[in-house]
Amino acid sequence: MASISLRNVVKKYGAATVIPDLNLEIEDEEFIVLVGPSGCGKSTLLRVLAGLEAIDGGDLMIGDRRVNDVPAAKRDIAMVFQDYALYPHMTVRQNMAFALEMRDLPASEINAKIDAAAKLLDIHPYLDRRPKALSGGQRQRVAMGRAIVRDPQVFLFDEPLSNLDAKLRGQVRAEIKTLSRQLRTTMVFVTHDQIEAMTMADRIVVMKSGVIQQVGTPEEVYEAPINLFVASFIGSPSMNFLPITLEGEQLRLAGGDSLPLDSGLSTGVSGPDLILGVRPEHFEVVPEGQGIPAEIMLVEPLGSDTLIHVRAAEQDLIARVSPDLRPVAGGSVFLRPIAGKAHLFDSATEMRLIGKNGK
Amino acid sequence: MSRKPSDAPWLDWVNVALLVLAGIIVMTPTAWMILSSFKPSHEVTAYPPTLVFSPTGENYATLTRQTPFLSYAVNSLIVTAGSTILGLLFGAPAAFVASWTRITWPAVVALMARMAPGTLFLLPWYVMFRQVDMIGSYWALILTHAVITLPIVIWVLLPYFDAIPRSIFEAAQVDGCSPFRIFRRIGLPLVSSGLAVSSILAFVFSWNFFLFALVLSNAQTKTLIAASFNFIGEGSTNWGGLMAAATIIALPPLILAIVVQRWLISGLTLGAVKG
Ligand SMILES: Nc1ncnc2c1ncn2[C@@H]1O[C@H](COP(=O)(O)OP(=O)(O)O)[C@@H](O)[C@H]1O
Ligand SMILES: [Mg+2]
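One line per chain: the protein sequences are A and B, in this order. Those letters in the first sequence? Residues 19 to 377, by the working numbering. Those letters in the second sequence? Residues 104 to 378, by the working numbering.
It should be emphasised that the hints constitute simulated quantities derived from the structure, not laboratory data. Predicted model only: the values in this text are computed from it and were never measured. Positions of the beta carbon are idealized from the N, C-alpha and C atoms, including for glycine. Do not rely on the hints blindly, as some may be mistaken.
Which residues of chain B face chain A? A few of them, derived with a C-beta cut under 7 Å, are [stated by the list, open to error]:
| no. | residue |
| --- | --- |
| 1 | M215 |
| 2 | A216 |
| 3 | E273 |
| 4 | V277 |
| 5 | G279 |
| 6 | C280 |
Sequences are here, hints too, so could you generate the full structure?
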């Protein structure tokens with residue numbers, strides 16, 4: 019229900035600068051996922067949005083309002099904390115009613131809102147229980163319920179799924195996404211898990227050391243990562259990187275093997291100090307002579323497909339292959355990047371080189 | 104408490120031995136006091152102490168006959184309850200703020216005031232209270248006894264507030280709650296057992312404190328414990344009466360301690376074993 023705009027935001031803890039200079043525009047009703055390794059400043063940024071931390075520079079706008087100096091209590095933002103932060107001495111119903119009581123809503127309206135949220139989240143059966151008597155998954159729902167009843171300008175989530183087991187996580191992930199469609203509220207979701215980011219986001223914000231690396235749709239950050247960091251962070255298993263030298267139309271790999279230059283990769287740049295990036299799913303198995311020879315070290319069948327850990331071009335690589343191939347450890351295959359799917363990076367700047375075709 | 108397999112049995116014996124030793128140290132004077140209060144006065148100071156004697160209520164009878172014992176007790180109750188409430192009123196918010204801001208130096212100052220010998224305060228207070236003509240008033244006693252209760256409340260409550268995850272207070276902030284309401288609606292209810300522990304400790308320490316009352320009270324506002332010093336006369340101390348008075352004075356804290364011992368124990372070990 020509100021756009022958010024961060025302009026040259028600076029956040030320091032004492033002498034340590036956690037966010038040096040951050041710019042980000044979040045549109046109304048957008049689902050933004052902040053993703054990055056642990057310690058990169060995601061929670062800090064979220065707490066800045068919530069008003070739990072003051073900023074040391076820049077401007078923070080929510081809607082048309084500059085909120086730099088507006089305390090958390092007056093920002094009309096709801097937040098789901100990593101540990102849920104339910105009020106232990108209150109029942110689920112009281113937890114959900116609390117924020118509404120702070121706004122002096124009449125009891126009838128409060129109850130109506132709680133009932134609606136409870137129905138949406140399926141938490142009716144335990145409205146009168148204390149948080150202590152709930153499972154992790156139930157607590158997580160209550161935390162969301164407490165946010166939903168408020169009908170806030172913005173929802174903030176700080177790794178709300180990290181305390182759930184894997185199966186529940188997948189389920190709640192889908193539910194939150196559905197919920198975001200129904201509620202039509204701006205959402206900022208923090209996670210260190212790139213799968214959560216990919217599956218839920220309208221746009222992903224990839225952060226590293228307090229600096230935004232790339233902002234884009236899940237497709238954009240997956241298909242056109244801006245640098246080595248984003249390329250390795252998004253996607254699982256991670257992208258493979260091979261140092262190469264570009265000699266005319268040939269990519270020369272370490273160990274002497276070479277591959278023909280894919281037309282999409284043609285950049286006009288040549289020489290050493292380049293890195294070829296290929297995702298595991300973007301290797302294809304080819305007949306002898308058409309790809310680089312790879313020795314299979316380890317086989318991980320996932321059912322739908324199989325991961326093979328190989329040694330090729332003096333690198334440890336992972337490729338995702340068809341289970342029908344029946345690879346065995348100790349065997350060997352020939353691998354080649356699928357046309358149009360590989361990336362070239364400058365090893366000095368770590369930036370991806372844009373091909374002549376603009377991709 | 105279930106026994107862990109690694110616990111060696113001899114540890115239990117050491118435990119028991121230590122408890123017995125502690126019991127002897129604490130109980131001997133207590134038993135002496137209680138027994139003596141039922142002895143005829145001349146037998147109280149006999150050595151070795153007589154264990155077999157015909158108990159008499161004479162000391163208690165003398166006590167109520169010769170002194171306005173009941174009004175002293177009421178005085179004690181007013182001063183103790185007043186200073187405990189005062190301590191809670193200022194100590195609980197102080198502990199909350201100290202815990203939240205992690206600024207503890209005011210609490211340290213309060214503790215140092217508590218640790219300083221009471222005699223340090225006596226002269227300035229006596230002069231101050233005389234200026235405003237408050238010597239002998241309940242308020243003078245209540246205010247001065249807050250020096251006892253306030254540090255207790257602050258220091259007992261601090262770990263209770265520290266044990267509450269900060270995110271709970273932050274959630275309340277985000278929910279639109281003002282700092283004072285956070286304290287009242289979230290903080291206080293979550294430290295309720297700490298409030299019980301600190302009230303009782305403050306009550307007991309204030310109840311047992313005699314120095315300020317000795318100087319700042321008058322005949323009408325004298326507390327029990329200050330009054331009991333009247334029994335120590337020059338040369339002719341009424342030991343039987345003193346023991347009877349001491350027994351009665353010791354009763355309220357004792358009863359309180361028994362009533363809330365479960366809370367007390369969990370409260371005093373908070374931090375050591377986080378539940
Ligand atoms: N209250 C604080 N005081 C000092 N440093 C902090 C504080 N909170 C976080 N930091 C530091 O800021 C950096 C970013 O932390 P955080 O935002 O929690 O990372 P993330 O949520 O991405 O894991 C970390 O290096 C962390 O040590
Ligand atoms: Mg975090």
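Evaluated hints:
no.	hint	result
1	M215	28 Å, violated
2	A216	31 Å, violated
3	E273	5 Å, holds
4	V277	5 Å, holds
5	G279	4 Å, holds
6	C280	5 Å, holds
Checked against the numbered hints given earlier, the structure breaks hints 1 and 2 and satisfies all the rest.
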